[in-house]
Amino acid sequence: MNPEIAQYYRVNKLPHIWCPGCSNGIVVRSIVEAIDKAGLDQDKTVIVSGIGCSSRAPGYMNFDTLHTTHGRALAFATGVKLAKPELNVFVITGDGDCTAIGGNHFIHAARRNIDLNVILFNNNIYGMTGGQYSPTSPTGTKATTAVYGNIERSFDSCKLAQTAGASYVARGNAFNTRQLTDIILKGIENPGFSFIEALSSCPVYYGRRNKKGGPADMLKWQRDVCVTQAAYDRLPEEKRAGKIITGVLHHEPQPEYTAEYAKIIEKAQGGNG
Amino acid sequence: MSVTSLKAKLMQGNQACAEGAIYAGASFYAGYPITPSTEIAEILSERLPQVGGRFIQMEDEIASMAAVIGASVTGAKAMTATSGPGFSLKQENIGHAMITEVPCVIANVMRLGPSTGGPTSPAQGDVMQARWGTHGDHPVITLCPNSVQECFELTVKAFNMAERFRTPVFIMFDEIIGHMRERVVLPEPGQIPVVNRKKPEVGPESYKAYEPVDETLVPPMASFGDGYRYHVTGLTHDETGFATTKPEKMAAHLQRLHDKINNFLPEVVDYEEQSIEDAEVVLLAYGSVARAASRAVKDARAAGLKVGLIRPITLWPFPGEAVKKAAAKAKAVIVAEMNLGQIINEVRVAVEGQAPVYGVLRADGEPISPTEILAKIKEVL
Ligand SMILES: Cc1ncc(C[n+]2csc(CCOP(=O)(O)OP(=O)(O)O)c2C)c(N)n1
Ligand code: SF4
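In the order they appear, the protein sequences are chains A and B.
Heads up: the first sequence runs through residues 1148 to 1420, numbered per the numbering used here.
Heads up: the second sequence runs through residues 15 to 395, numbered per the numbering used here.
Any given hint might turn out to be false.
Below, in silico cross-link-like pairs of lysine-lysine (DSBU-like), each with a Cα-Cα straight-line distance of 35 angstroms or less [what the hints assert, rightly or not]:
| no. | chain 1 | residue 1 | chain 2 | residue 2 |
| --- | --- | --- | --- | --- |
| 1 | B | Lys263 | A | Lys1191 |
| 2 | B | Lys222 | B | Lys212 |
| 3 | A | Lys1160 | B | Lys260 |
| 4 | B | Lys260 | A | Lys1410 |
| 5 | A | Lys1414 | B | Lys21 |
| 6 | B | Lys260 | B | Lys339 |
| 7 | A | Lys1414 | A | Lys1359 |
| 8 | B | Lys339 | A | Lys1414 |
| 9 | A | Lys1160 | B | Lys222 |
| 10 | A | Lys1414 | B | Lys345 |
| 11 | A | Lys1410 | A | Lys1358 |
| 12 | A | Lys1306 | A | Lys1333 |
| 13 | B | Lys263 | A | Lys1160 |
| 14 | B | Lys392 | A | Lys1410 |
| 15 | B | Lys212 | A | Lys1414 |
| 16 | A | Lys1191 | B | Lys222 |
| 17 | B | Lys339 | A | Lys1191 |
| 18 | B | Lys213 | A | Lys1184 |
| 19 | A | Lys1359 | A | Lys1191 |
| 20 | A | Lys1191 | A | Lys1289 |
| 21 | B | Lys338 | A | Lys1191 |
| 22 | A | Lys1160 | A | Lys1191 |
| 23 | B | Lys392 | B | Lys320 |
| 24 | B | Lys345 | A | Lys1184 |
| 25 | A | Lys1386 | A | Lys1160 |
Reference excerpt, derived from the structure (chain B facing chain A, CB under 8 angstroms, subset only) [as the list claims (entries may be wrong)]:
| no. | residue |
| --- | --- |
| 26 | Gln71 |
| 27 | Asp74 |
| 28 | Ala81 |
| 29 | Gln105 |
| 30 | Glu106 |
| 31 | Pro234 |
| 32 | Phe238 |
Quick caveat, the hints were computed from the structure, so don't treat them as lab data.
Don't be surprised by glycine CBs; every beta carbon is placed ideally from N, CA and C.
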């Protein structure tokens, strides 16, 4: 491992529990690279996660790490950040964790614009429990609980985050790690709720059942369908179908929750805040 | 606890709870409004920022409990308050705080359930939920005040115990106590001791987050941001804090959670006795019902009946030894509670068949009166 980033891993906890070909490790690497580039104080950086394959990541990351309950990572992280605003708080969450069981916490954390950096590992499936459909599984997806094909429509979690009030929203993927690192870094720099959807891949439960090929094929698929907004705009109409737009999708700084709360404290203590 | 300050005030139970939290050094509250506990949130939303603390109204009770745990791992003394339906929602994360040993205080102002039940009706129907509400084996500390003064003092104590034992502590009172106004004598700062969690004395290199360092079996707790870079997980873990599925490690973990409290029962268990020495009838009641029971004891004594009262102040761990001892000399034991029979089962276990156990049980939103209890005493004697 590159010695510059090895310090961010609990090297003695490796190898990780993820399946061979899982892209979770790639996304984690982009997170630590972004942390490194941002120059965050490692001792003042906290990683919070929910429950799922992706949420096991903090166990391998050399920070203060909090592995919580399924869906609730954002609510735990809200407590961490509000109680000690000087901490840099990251949330690692899965598509089920964030948008199903944790959907309510997701929209409210975004609405508050509390300074959390949220990285959603979107593998379009419930990995940890063995391949049930999730709110981001496309209609028609085959899953262990959708053997005839998923009839539900899927969330665009970026649109959801933006509508709910996130001040920074971006999407990347595990194939294009340079872009992924870059959009996480920009999220860190945004003082507010920063939401980054990282398209990941679960070859074992999503790929196999949906005939997406092996791990490499799934990453190549990401390479082929993901385009930036600028590239998308240049595409002729007939080539736009099925494309997924990546990059920074929304950035509009707004008052940040803990900064606003600091003014409350001042007011309550008799200042003019 | 004896309190001799002159700062007397007329206050509601819920307000006394909020002020007790401030006295104990609470600096964080997260909650979701629910009758009859809402005043605790309202008051703390005003009071906490005055002392540099923080209040947040979360999107639900699940989130509130989560935020409280998140705040506590940064070193804050944190609490939430709720009532029946919200207490149900908090249970999963309460279990997280238990297995991760994160100190926090949960106030439950009990109302009639199940479900929405009677939002403004007093009840004591959540006392077994306090014991077993979250899944899995776990020890529990639950305090149960019977007056506004005790709401204050036991909230301080709840924080102290949470910090001392690194565990969530419940303070459970009913709607009557929560909304009742009484004279309260507020202690001066320092008059009641305030306990703070033990911090590690070693540096990050040798810190094992879940390794006890002394006979308390309570591991010192570093705060997030202090440079210890440790891991907290709701998975069963070993002394390093990292998940394990080794049976002997899992067993040791759960056993220590029990032992850190059960090895110190004399320090934890608290109860009050009234006229119990020669009692032929032993009453047991807690919370607001204990006030009626106390009156009934006085009336019975005036009528020449040998009646005494045991009032658990810690419902959990239950003061079973005191009950057993009193029952040995008694002709009958009567449990009065505002539910259809919960603590009475615990009493039956403690009595060990030494005397018959009767109930004065009520779950209709009405308080239990001294007259009802007295009638039962006469019936069983
Ligand atoms: C309250 C609760 N319900 C259900 C589960 C079981 N469970 C664990 S992980 C998971 C889904 C994980 O899927 P996702 O969030 O997409 O993460 P992934 O494993 O795919 O990374 C479920 C349903 C649980 N742990 N807790
Ligand atoms: S089940 Fe899927 S998401 Fe989970 S580790 Fe395996 S490949 Fe990755």
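Quick rundown of the hints versus the structure:
Taken as a hint, the B/Lys263 and A/Lys1191 pair is honoured in the structure, with Cα atoms around 31 angstroms apart against an allowance of 35 angstroms. The hinted pair formed by B/Lys222 and B/Lys212 meets the criterion: a straight-line CA distance of about 14 angstroms does not exceed 35 angstroms. A threshold of 35 angstroms between alpha carbons decides the hint, and for A/Lys1160 with B/Lys260 the separation of about 16 angstroms falls inside it, so the pair holds. Distance check on the hinted pair: B/Lys260 and A/Lys1410 sit about 49 angstroms apart at the alpha-carbon level, beyond 35 angstroms; violated.
The hinted pair formed by A/Lys1414 and B/Lys21 meets the criterion: a straight-line CA distance of about 26 angstroms does not exceed 35 angstroms. Distance check on the hinted pair: B/Lys260 and B/Lys339 sit about 41 angstroms apart at the alpha-carbon level, beyond 35 angstroms; violated. Using a Cα cut-off of 35 angstroms, the hinted pair A/Lys1414 and A/Lys1359 is violated, with the two alpha carbons roughly 57 angstroms apart. About 56 angstroms separates the Cα atoms of B/Lys339 and A/Lys1414, which puts this hinted pair outside 35 angstroms; it is violated.
Of the pairs offered as hints, the one joining A/Lys1160 and B/Lys222 holds, with about 15 angstroms between alpha carbons and a cut-off of 35 angstroms not exceeded. Between the alpha carbons of A/Lys1414 and B/Lys345 the distance comes to roughly 62 angstroms, so the proposed pair goes past 35 angstroms and is violated. For a cut-off of 35 angstroms, the pair hint linking A/Lys1410 to A/Lys1358 is broken: about 54 angstroms separates their Cα positions. Proximity of A/Lys1306 to A/Lys1333 is assessed by CA-CA distance (about 18 angstroms); at most 35 angstroms being required, the pair is judged to hold.
A hinted pair counts as satisfied when its Cα atoms are at most 35 angstroms apart, and B/Lys263 with A/Lys1160 qualifies at roughly 17 angstroms. The straight-line distance between the Cα atoms of B/Lys392 and A/Lys1410 is roughly 62 angstroms, outside the 35 angstroms bound, and the hint therefore fails. About 33 angstroms separates the Cα atoms of B/Lys212 and A/Lys1414, which keeps this hinted pair within 35 angstroms; it holds. About 19 angstroms separates the Cα atoms of A/Lys1191 and B/Lys222, which keeps this hinted pair within 35 angstroms; it holds.
Between the alpha carbons of B/Lys339 and A/Lys1191 the distance comes to roughly 54 angstroms, so the proposed pair goes past 35 angstroms and is violated. For the hint linking B/Lys213 to A/Lys1184, the alpha-carbon distance of about 32 angstroms falls within 35 angstroms, and the restraint holds. Between the alpha carbons of A/Lys1359 and A/Lys1191 the distance comes to roughly 40 angstroms, so the proposed pair goes past 35 angstroms and is violated. Taking the CA atoms of A/Lys1191 and A/Lys1289, the gap is near 42 angstroms; set against the 35 angstroms cutoff, the hint is violated.
Our distance criterion of 35 angstroms between C-alpha atoms is broken by B/Lys338 and A/Lys1191, whose separation comes to about 52 angstroms. Between A/Lys1160 and A/Lys1191 the alpha-carbon distance is near 21 angstroms, which keeps this suggested pair within the 35 angstroms criterion. For the hint pairing B/Lys392 with B/Lys320, the CA-to-CA distance comes to about 11 angstroms; that is within 35 angstroms, so the pair holds. The suggested pairing of B/Lys345 with A/Lys1184 is violated, with an alpha-carbon distance near 76 angstroms, which exceeds 35 angstroms.
For a cut-off of 35 angstroms, the pair hint linking A/Lys1386 to A/Lys1160 is broken: about 45 angstroms separates their Cα positions. The restraint placing B/Gln71 at the interface with chain A is violated, with a minimum CB-CB distance near 10 angstroms, outside the 8 angstroms limit. Interface restraint check for B/Asp74: the shortest CB-CB distance to chain A comes to about 6 angstroms, inside 8 angstroms, so the restraint holds. A hinted interface residue such as B/Ala81 counts as satisfied when its beta carbon comes closer than 8 angstroms to some beta carbon of chain A; here the least separation is about 3 angstroms, so the hint holds.
Evaluation of the B/Gln105 hint against chain A yields a violated restraint, the C-beta minimum of about 11 angstroms exceeding 8 angstroms. At its closest, the beta carbon of B/Glu106 sits 6 angstroms from a beta carbon of chain A; the interface hint therefore holds under the 8 angstroms criterion. Hint status for B/Pro234: violated, given a least beta-carbon distance of 15 angstroms to chain A, over 8 angstroms. Annotation: B/Phe238 was flagged as interfacial toward chain A, and the flag holds, the nearest CB pair being 4 angstroms apart, inside 8 angstroms.
In summary, the numbered hints that this structure violates are 4, 6, 7, 8, 10, 11, 14, 17, 19, 20, 21, 24, 25, 26, 29 and 31.
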